Structure formats: C-alpha cells, structure tokens
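Q: Fit chain B with the ligands to the known structure of chain A by using the hints.
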Amino acid sequence: MVQYIIKRLLLLPLLLFIFSIFAFVLIQAPPGDFVTSYIAELAASGSSVDQAQIDALRSMYGLDQPMYVQYFHWMGRMLHGDLGASLDWKRPIAELIRERVMLTVLLGAFTFVLTWALAIPIGIIGATKQYSFLDYFFTVFNYIGIATPTFMTALILMWLAFSWFGISVTGLFSAEYVDAPWTLAKFIDLLKHIWLPVLILALDGTARLARIMRANLLDELNKPYVEMARAKGMSEWRLVLKYPVRMAINPLISTIGWYLPLLFSGSVIVATVLNLPTIGPMLLRSLTNQDMFLAGAIIMIYLFLAIIGTLISDILLAWLDPRIRMES
Amino acid sequence: MNPTEPLLSVQNLKTYFFLDEGTVKAVDGVDFDVYPGQVVGIVGESGCGKSVTIKSVLRLTQKPGRIVEGKILFRSQRVTDADSGSDVIDLTTLDPHGKRMRSIRGAEIAMIPQEPMASFSPVHTVGNQLIEAIRLHEDVSKEEARQIAIERLHEVGMPNPEQRLDAYSWELSGGLRQRAMIAMSLSCNPHLLIADEPTTAIDVTTQAQVLNLLRSLQKMHNMSIIFITHDLGVIAQVADYVVVMYLGRVMETGPVDDIFHNPLHPYTKALLKSIPSIYSPSGTELPTIEGSIPHPFSRPSGCPFYPRCEAFMAGVCNAKDPELQSINERQSVSCFLYEEKQMQPS
Ligand SMILES: Nc1ncnc2c1ncn2[C@@H]1O[C@H](COP(=O)(O)OP(=O)(O)O)[C@@H](O)[C@H]1O
Ligand SMILES: [Mg+2]
Numbered sequence: 003m004v005q006y007i008i009k010r011l012l013l014l015p016l017l018l019f020i021f022s023i024f025a026f027v028l029i030q031a032p033p034g035d036f037v038t039s040y041i042a043e044l045a046a047s048g049s050s051v052d053q054a055q056i057d058a059l060r061s062m063y064g065l066d067q068p069m070y071v072q073y074f075h076w077m078g079r080m081l082h083g084d085l086g087a088s089l090d091w092k093r094p095i096a097e098l099i100r101e102r103v104m105l106t107v108l109l110g111a112f113t114f115v116l117t118w119a120l121a122i123p124i125g126i127i128g129a130t131k132q133y134s135f136l137d138y139f140f141t142v143f144n145y146i147g148i149a150t151p152t153f154m155t156a157l158i159l160m161w162l163a164f165s166w167f168g169i170s171v172t173g174l175f176s177a178e179y180v181d182a183p184w185t186l187a188k189f190i191d192l193l194k195h196i197w198l199p200v201l202i203l204a205l206d207g208t209a210r211l212a213r214i215m216r217a218n219l220l221d222e223l224n225k226p227y228v229e230m231a232r233a234k235g236m237s238e239w240r241l242v243l244k245y246p247v248r249m250a251i252n253p254l255i256s257t258i259g260w261y262l263p264l265l266f267s268g269s270v271i272v273a274t275v276l277n278l279p280t281i282g283p284m285l286l287r288s289l290t291n292q293d294m295f296l297a298g299a300i301i302m303i304y305l306f307l308a309i310i311g312t313l314i315s316d317i318l319l320a321w322l323d324p325r326i327r328m329e330s
Numbered sequence: 240m241n242p243t244e245p246l247l248s249v250q251n252l253k254t255y256f257f258l259d260e261g262t263v264k265a266v267d268g269v270d271f272d273v274y275p276g277q278v279v280g281i282v283g284e285s286g287c288g289k290s291v292t293i294k295s296v297l298r299l300t301q302k303p304g305r306i307v308e309g310k311i312l313f314r315s316q317r318v319t320d321a322d323s324g325s326d327v328i329d330l331t332t333l334d335p336h337g338k339r340m341r342s343i344r345g346a347e348i349a350m351i352p353q354e355p356m357a358s359f360s361p362v363h364t365v366g367n368q369l370i371e372a373i374r375l376h377e378d379v380s381k382e383e384a385r386q387i388a389i390e391r392l393h394e395v396g397m398p399n400p401e402q403r404l405d406a407y408s409w410e411l412s413g414g415l416r417q418r419a420m421i422a423m424s425l426s427c428n429p430h431l432l433i434a435d436e437p438t439t440a441i442d443v444t445t446q447a448q449v450l451n452l453l454r455s456l457q458k459m460h461n462m463s464i465i466f467i468t469h470d471l472g473v474i475a476q477v478a479d480y481v482v483v484m485y486l487g488r489v490m491e492t493g494p495v496d497d498i499f500h501n502p503l504h505p506y507t508k509a510l511l512k513s514i515p516s517i518y519s520p521s522g523t524e525l526p527t528i529e530g531s532i533p534h535p536f537s538r539p540s541g542c543p544f545y546p547r548c549e550a551f552m553a554g555v556c557n558a559k560d561p562e563l564q565s566i567n568e569r570q571s572v573s574c575f576l577y578e579e580k581q582m583q584p585s
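If you're matching them up, the sequences are chains A and B in order. Heads up, the first sequence is in my numbering, so the first residue is 3 and it goes up one at a time. Heads up, the second sequence is in my numbering, so the first residue is 240 and it goes up one at a time.
Hint data in this document are derived by calculation from the structure and do not stem from the laboratory. Incorrect hints may have been included.
Derived lysine to aspartate or glutamate pairs resembling DMTMM-like cross-links, with alpha carbons at most 20 angstroms apart [to be verified]:
| no. | chain 1 | residue 1 | chain 2 | residue 2 |
| --- | --- | --- | --- | --- |
| 1 | B | K302 | A | D221 |
| 2 | A | K92 | A | D57 |
| 3 | B | K458 | B | E390 |
| 4 | B | K338 | A | D221 |
| 5 | A | K225 | B | E354 |
| 6 | B | K508 | B | E410 |
| 7 | A | K225 | A | E238 |
| 8 | B | K302 | A | E101 |
| 9 | A | K225 | B | D435 |
| 10 | A | K131 | B | D334 |
Just so you have them, the derived chain A footprint on chain B, three or more residues with Cβ under 8 angstroms [said to hold, decoys possible]:
| no. | region |
| --- | --- |
| 11 | 329-342 |
| 12 | 345-358 |
| 13 | 487-494 |
Far from chain A, by Cβ distances over 12 angstroms, these chain B residues were calculated [as the list claims (entries may be wrong)]:
| no. | residue |
| --- | --- |
| 14 | Q250 |
| 15 | G309 |
| 16 | E390 |
| 17 | D442 |
| 18 | Q457 |
| 19 | Q476 |
| 20 | D497 |
| 21 | S513 |
| 22 | G530 |
| 23 | R538 |
| 24 | A553 |
| 25 | D560 |
| 26 | E578 |
Here the structure is a predicted model, which means the values were calculated and not measured. Every residue gets a Cβ at the ideal spot worked out from N, C-alpha and C, and that includes glycine.
Bound conformation, chain B alone:
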C-alpha cells in the first residue's frame, strides 16, 4: 500500500441529529487524513463529536442522526467503486446496511468500543462472538476459525486462550475483557482500527498495558489506528498525529510533537494547561478551561470556542466562521489569530 496516499480521508464531514427540539450539529465540518501505518489521535472534551465522527466513518449512525454533507474516502482492498472501478470508495455513498459496507466493516475497518463489558453479549461466550467475527469475513470452517481465535487471543496476551474461548465476558477481569475485545476487532486483520476511548473503563495500570499492547500490535500488523480520547496524556503515549476537536469542528491538527511543544490554537493551549505534568508545578490547583461547553442547541455563531477563548477578538471571532488552514508544512489551525497573520505580508 502506498504510504504517501491517505488510507482514509474525511472531508468536510457533517453529521446532524434531527430531534423534535431542534438539530444537534454533532459533527459540523470535520477534515482529517489517516495515512497507512499512522496512529491518529482525536482529542477533545466529552460531547465534542468524537464518537459521532467515527460512527459516521463506520456508517453506524442511527436515526435521527444522518450524514448531511462531506466525503469519507477509504482505500479498500475488498470493494471497488461502482462507477469508476477505483479502489478509493466514498463510504458516504454506500448503503449502511448493504453488503459492500458490511464487507468493509469489521474486515477492513474495525472498532474497539468504549465499554467492553456492555459490548459483549452476556449470554454468548467470548469464543462464540470471536469465531462469528472471523467467519463473517473469512471463508473458514468453525474449527479453523476456532484455531484463528485462539491465535488472536494468544497475540493479545490472554493467558489460557483455549479455556477463555468458552468463558463469558463477565467472567473476565476488565483488562482481559478489553484484550478479548481487541482480539475480536483484529480477527480479520483490519487496515484501520478505530479505538473509541478504549481505556476509560479500566484502571490506570491495566490502561498502560492495553496502550502498549495496541502500539505493539499496530507495529506488528502495520495498521493505521484512529485513537479517540479526551485525555491528552494518553495521546502523548500513543499518537503520531493529533486532531483537536471542539463542538463538532477541528480546531487544530499536527504531529504529536508540534501539538505538545508548539500548540497554536488557544483551545489546544488551554487543554495542555489542564494536564498536570507538563506546565503546572506540583501542589497547585489544576487550571481548567473557563466556562462550560455550550448546549448543543445553542451553539455560538462564528468560532465555537470564542465564548471561552482568552484571545477573543470581538467582531471577528463571533462574526465569521474560521477555516482550517495549514500554517506550516505540518500544522493546520482554525483560528483568526493565524488567518490575519497569514494575510499580512511578513
């Protein structure tokens, strides 16, 4: 696979929920690319649209939610475009329940869910669900699938994988359950793995182990990963490239080092200040971002962050929508502070 072309390219994605009370613009113009072998971290406070973004990519958004605009271009090895025969498919054009989307889902793009406990059926064994995942996409017998499943469990560091196949998910510890879930997601060797806050439900020590595991699996299979978290500390551990989201929009993108050492957007800076180890001396109270996230129905016009922004410019930030623009060869930012600088000849 050509590493210089994106595996996934999300362009101006808008996913809205049409409720009786009004429209929730959960994702409102999101752009980002994922290259082969890259780990992209999507970070942002809870409710900013991270999960809706990746559910849109997997075409899993349910009514009353709908993708209203944008493209999700994916380089597939199983499906070709109906018209052009190209291997780059716009997933938004596929029927979400159709055969083509289903042969991508789980096989080429796999998901690790937020709550492994609730994401396993409690009345089916782990093995039943793992073997099912394999046989959905690989033409193998039950016995062969069982062997593959044992291998997968072995790969994610599950002790006694053979016995564990016959266990129920609630018989496993939190860490092992998440490992079983990872094994299931990787069962068909996906090219893109989407992990939605995979470590929020487990304790800190196990969390570190799971992150290391994901990193080593990623290298071993040369997968791409979209890693979603509200925790910049986790981003620092796993991501190569970072997408910072706020209220359904992308505020800033860039390689992880630049984001941490040269943050451009006031929101990114504020997020970084709220991490303990980097800026604040021990013993001081952690600064939190001023103000609260606006209610989804009462989104501010203009830049969504302006009511909480330290660098707010009246008449600019609340008047127009800023656009995501590249500032240098690595970082892009959506902020008028930089638009003006760009416009001025230096």
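Same shape as in the complex, but just chain A:
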C-alpha cells in the first residue's frame, strides 16, 4: 500500500511534464499572441501603435522566439518556483492567483461536502423506498436539478435572495473586506457569502450523484449478501448501511478524482454570474487575452489538482476495498 502510494507520487513529475507540453501547445494554438490582442484592444480605444513598438513589445516578452525556446524558458522558471508575470495584469502571477486558488479550493471543498451530505442520503432513501412518495419526489427533484443549467439556478436564487431578503449576494466578500487582510471577521464575512454559490453548485452535483447512488444501491440490494445479513436477524437499517451502501459508494469514490478540476472549470459560468473572485473567470480572461503565462500557470495548477485528486480517490478506494488493496 505504502509502496503503491510512493510509486504514484514518483510518477507525478513525469505526468506534470508531459501535460505541461500539451498545455503550452494548446495555449499557443489560437492565431496571434498577446501583443496582437493588446494592439487590437488599443486600436479599439482609438490609439495606434507603429511596427517598431510592436517589435519592441514582442522581444520584451520573448514572443519573437521559437515556441520550444519559449517553452523551456517558461518551464525553467516554473522549476524554480517562479510562475512569471501576467502580461495582461502586469503583476506577478503567484501574487495574482494565490487568493483566487485558495477561494476556489475552499468553494470546491464546501460544495463537495454539501453534495455528498445531500446526495448519499437521498440516493439511499430512493433505493430503499423505491416507488414511494419520497422516491418520486426526489426523482423529480433530481431531474429538475439536472435539467436546469447552473447559471439559471444562480440567477433564480440571486433574484429570490434579493426580492425576499433584500440582500445582494454577488461576490464572496462585503465591500469593506475585499482588499482587507485575512482576519477572523473576514472569514466570517466569507462564510456569509459563500453559502449561495456552494448551494447552487451542490444542487447540480447532488442531482447527478443521488441518481447514481440510487441506481448502484438498487443493484446491491438484490445481492445474496444482503439476504444473508437479513437471515442472520440484523435490523434492516443497520444491514443496509453496513453492507450494500458501502458497496454502492465504492464506485462513486473514483469520481472524487475529477471532481475538483471539474469544479475548477465547471463553475466558470456561475462564478461569472455571481461575480466570484475565483480562478475560473480569470482563466477565461487570460485565454481570451492570450495572456499565455497566466493561462499556463492556471492550467498547470489545474492539472496538478486533477492528478492529486485521482491519487486521493485511488488511495481512498484501496483503503475502502480490500480487493483493490491486495491487488496493488
């Protein structure tokens, strides 16, 4: 088991290296570069730039060099822990994204906990009380949850919050805390704001997860080991929670792996609608402005989280399922 984890950890740098090449090529794929889009922006606002200035800009950012040279410069800096500076924001990337990454991870963690806390019990009730009123109720709830786009849920809840409670729920902080240093009061202010995006994202995830949980559990409930537990004289709830629920959750564990990166990118629309200072909108902006170092840094963090997520879910799975544990 320990060996297995070490093996996986050793693989991590290699994976990151391979992915980094892909990421870099992908970011470079659209025609033009940051200077092109910078000039376009200037032109749109009425000012013009001559060719000499353009060339000067290009060589200043190193954009006139071949792609592989640019890649190695970038990678070399990254290996020294330097994410570089954003072309667009003219600030060091590390400083620029630190808080956003943290808030995104926090949002993801809260959403994850709420999603599982809702979906697992709903799935269990749906399966054990199949075709009951509650089952139908949750089925309808789940369909609505899946069919409604998250930005729609966001808009509806925003409107409800505003028209019922008169509160504006955009952003993650009240105005006075946005640029304030971290204090307990700021954290409490964060909690006062984060519940709405958490709820919106969790509702969507809950609907999907609960449906899978219900289907998995329905399969497990007919297995002979469940009947055997009944034949031993165990009470129904106790045996359902101990045996089939445990088996039904196992396949869900592997979804944890891609959960975090999914939330990272999937929440872009909600984050935009709610004006959240998370990483998604920044990634979107960096891509449209061809701010390649910023986009690259964000994508590398994203990949890192994806790999770590998969590792965590594999370890969890091995821990929960002795058959997998013994194999590896």
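A: Structure of chain B with the ligands alone, referenced to chain A:
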C-alpha cells in the same frame, strides 16, 4: 423438546409474486412437517419453488412477493405467541422486519445460502461477519464473541481458524468458504438449519465433505435440517424424510427409503429414473423427463404435472386439483391414481 411434535409445520403455504405481466404462483399450497432432529430433504427441478418456500419460512420474501395463505407454525424458545402465550408461533403473523421475527431468524432458524461467495460481503472480513452474527443474538463482548467464532470455525474443520477470522471470504477456497458460512449459520446454535442447495457451487469431492460435515454437526447438536436440492443423489446421502415438489406443489412425501424403493407419484418415479446409478445400466443414455416445465404464467389447471405425465388420465388430471393424502402410515401423495384406489373398497 418433545420429539413427537413437529418443530416446524408448514400448512397450505401459498406465496405469490404479483408482477405487471401476471401473478407467479411460486408456492401454491405446500404442506410438510419437520420434527426435532430430523433432516428433511426438499427435492424438485429448478424453479419449482423450493427457495421461495424456505424464504417464506424465514419471512425473507421481498416485494412483489407475498405470502397469501397458509400457516408456518414454529416451536420457539425465544418468542411466545402474543395472544395465547403458547410457544408455537405462526410465523406468517409476525412482522418480517419486526423484533420477534428477527430474534428467531439467525438464532433459532438459520440459513446456509446457495452461493457462499456472493453471500459474504467482500469488503468485510469473515471474522467481522461471524462475530456480528453471534453478537446479534448473544449478549457477549467482542472478545468473547471472537472466542466463540474461533470455536465454531474449529468445529467445521477450518484449519488455522484464528488467522481465517481476519481473512476475506474471497481469499478462501470454495470448500473453506462454505465451511465458514456453515460456522456462521451455526453460530447461535439454531434448532432448525435451512440449507438451500449448499453444495451446488463447489466441486464433487468437497461436496461430499460438506455433506458429511453437515450430517455430523446435525447429530452433534441434534438440530433439524431442511435440505434443499435438485439432486436426488444428495437427498439419498443426507435426508431422513423427503418432500418432492413440482411447480409450487408437493407431489409426494415420505421417509427416504420409501421414496427411493417404493415411489408412488409418477413424477417421483420419473425423477428417480433420471439418476444414473439406480435404474439405468451403464452406457445407456440417461432418460430425462419428457417435456419441459411450463412457464410460470401458463400453469396447467388440475395436476400441474399432467402434461408430462405417463399415467395421464384425460378428464380427471386436467379437470380437478389432486390433494395430498396419506396412502399408508408413512407416505403421502398428491395423485388421482391413488385417490381412486382409496375410494374403491379393497
Ligand atoms: N423475486 C421474484 N420475482 C418473480 N418471480 C420469482 C421471484 N423469485 C422467484 N420467482 C419465481 O418463483 C418460482 C420458484 O422459484 P424458486 O423458489 O427460486 O425455485 P427453486 O426451486 O429453483 O429454488 C420461479 O418460477 C421463479 O420464476
Ligand atoms: Mg433455488
């Protein structure tokens, strides 16, 4: 316990499955008794309702299945009848999930399932499940339960029982897995053990060992056993008394010697003919019973066996339901051949 009174008496049991396509009469009027210390073999082709019968006894039938009629009288030492205070309980009157039924299930009536592999949880150790079975019915600490579990495993001939407690079921061989399952079923000293085709999933040599083990455990604990199989050869090895079932009904009952040497019902005779060693000389093709079992939705009226019966009497067998009647002091049979003989003065 009085050996002349039945431990379990199943009377006119009917268990139906109510499906959208129609009603499956899986068990359609079954009668049999099990006396203390007796091994009763229930035999019949696959699909004739053997498993549904014993699941009804354990009150384990799930929706859309339901007991629609009949009595399951059990002499309990843990539960008394709510009204009369008698120790004979009609299990059909108990709530299947209720405390009373659960204190009988696993403690007084235990089950050995058909597929030991699938009947153990693969993610819990054998010991976890065995100790749980003990502590469900005995007021003992985890440590005491562990000692009992080791004893039980020892009793069923499990080598290194202490290590085996910490093993998972899929780490054991088929034979050992079934032994572990038997140990779990016997953990609370049940009076009635129900074994549903316990040897179908294991190879022939191991099968013989498991049958011998069950026989010796039965003698040691003076238990009653209901042994279910589609294999008359197995019945000959283990049973004292035989119940022959066909399409949810009892065709014939009697002591094992009478069933084998003096079969009365045409179905029993046909079943016996399909056993290699008894009737057929070696080298000949085994006779199988003509025709196939009707689909559960299209059961024939009258005697369910008449479409395949050699002694079919038109206008009788397909017109009325035969009743299970005693023919002599030992055997009962459900067939018009014998009803008529009985009616005629001899
Ligand atoms: N859960 C169920 N739903 C519908 N029909 C069932 C169910 N369980 C058993 N049956 C039907 O009941 C009949 C008897 O089944 P069973 O008792 O399992 O036979 P066997 O004698 O092989 O043990 C079969 O026709 C089967 O199709
Ligand atoms: Mg069966």
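Q: Next step is simple, just say for each hint if it's right about the structure.
A: How the hints compare with the structure:
1. B:K302 / A:D221: holds (15 angstroms)
2. A:K92 / A:D57: Roughly 19 angstroms between the alpha carbons, so the hint for K92 (chain A) and D57 (chain A) holds.
3. B:K458 / B:E390: Within the cut-off at roughly 18 angstroms; holds.
4. B:K338 / A:D221: Status violated; Cα separation ~27 angstroms.
5. A:K225 / B:E354: holds (10 angstroms)
6. B:K508 / B:E410: Answer violated: K508 (chain B) to E410 (chain B) is near 43 angstroms, above 20 angstroms.
7. A:K225 / A:E238: holds (14 angstroms)
8. B:K302 / A:E101: At roughly 55 angstroms apart (the allowed maximum being 20 angstroms), E101 (chain A) and K302 (chain B) break the hint.
9. A:K225 / B:D435: holds (16 angstroms)
10. A:K131 / B:D334: holds (17 angstroms)
11. 329-342: holds (count 3)
12. 345-358: holds (count 9)
13. 487-494: As far as the region 487-494 of chain B goes, the hint is violated, because 0 residues have Cβ atoms under 8 angstroms from chain A.
14. Q250: Given that every Cβ of chain A is farther than 12 angstroms from that of Q250 (chain B), nearest at about 22 angstroms, it holds.
15. G309: holds (21 angstroms)
16. E390: With a cut-off of 12 angstroms, E390 (chain B) remains clear of chain A, as the shortest Cβ separation is near 18 angstroms.
17. D442: holds (20 angstroms)
18. Q457: holds (19 angstroms)
19. Q476: holds (24 angstroms)
20. D497: holds (32 angstroms)
21. S513: holds (28 angstroms)
22. G530: holds (31 angstroms)
23. R538: Consistent with the label, R538 (chain B) stays out of reach of chain A, its closest Cβ about 25 angstroms off (over 12 angstroms).
24. A553: A553 (chain B) is indeed farther than 12 angstroms from all Cβ atoms of chain A, at 43 angstroms.
25. D560: Nearest chain A Cβ is 32 angstroms from D560 (chain B), so the label holds.
26. E578: holds (38 angstroms)
Consistency note: the structure conflicts with the earlier hints numbered 4, 6, 8 and 13.
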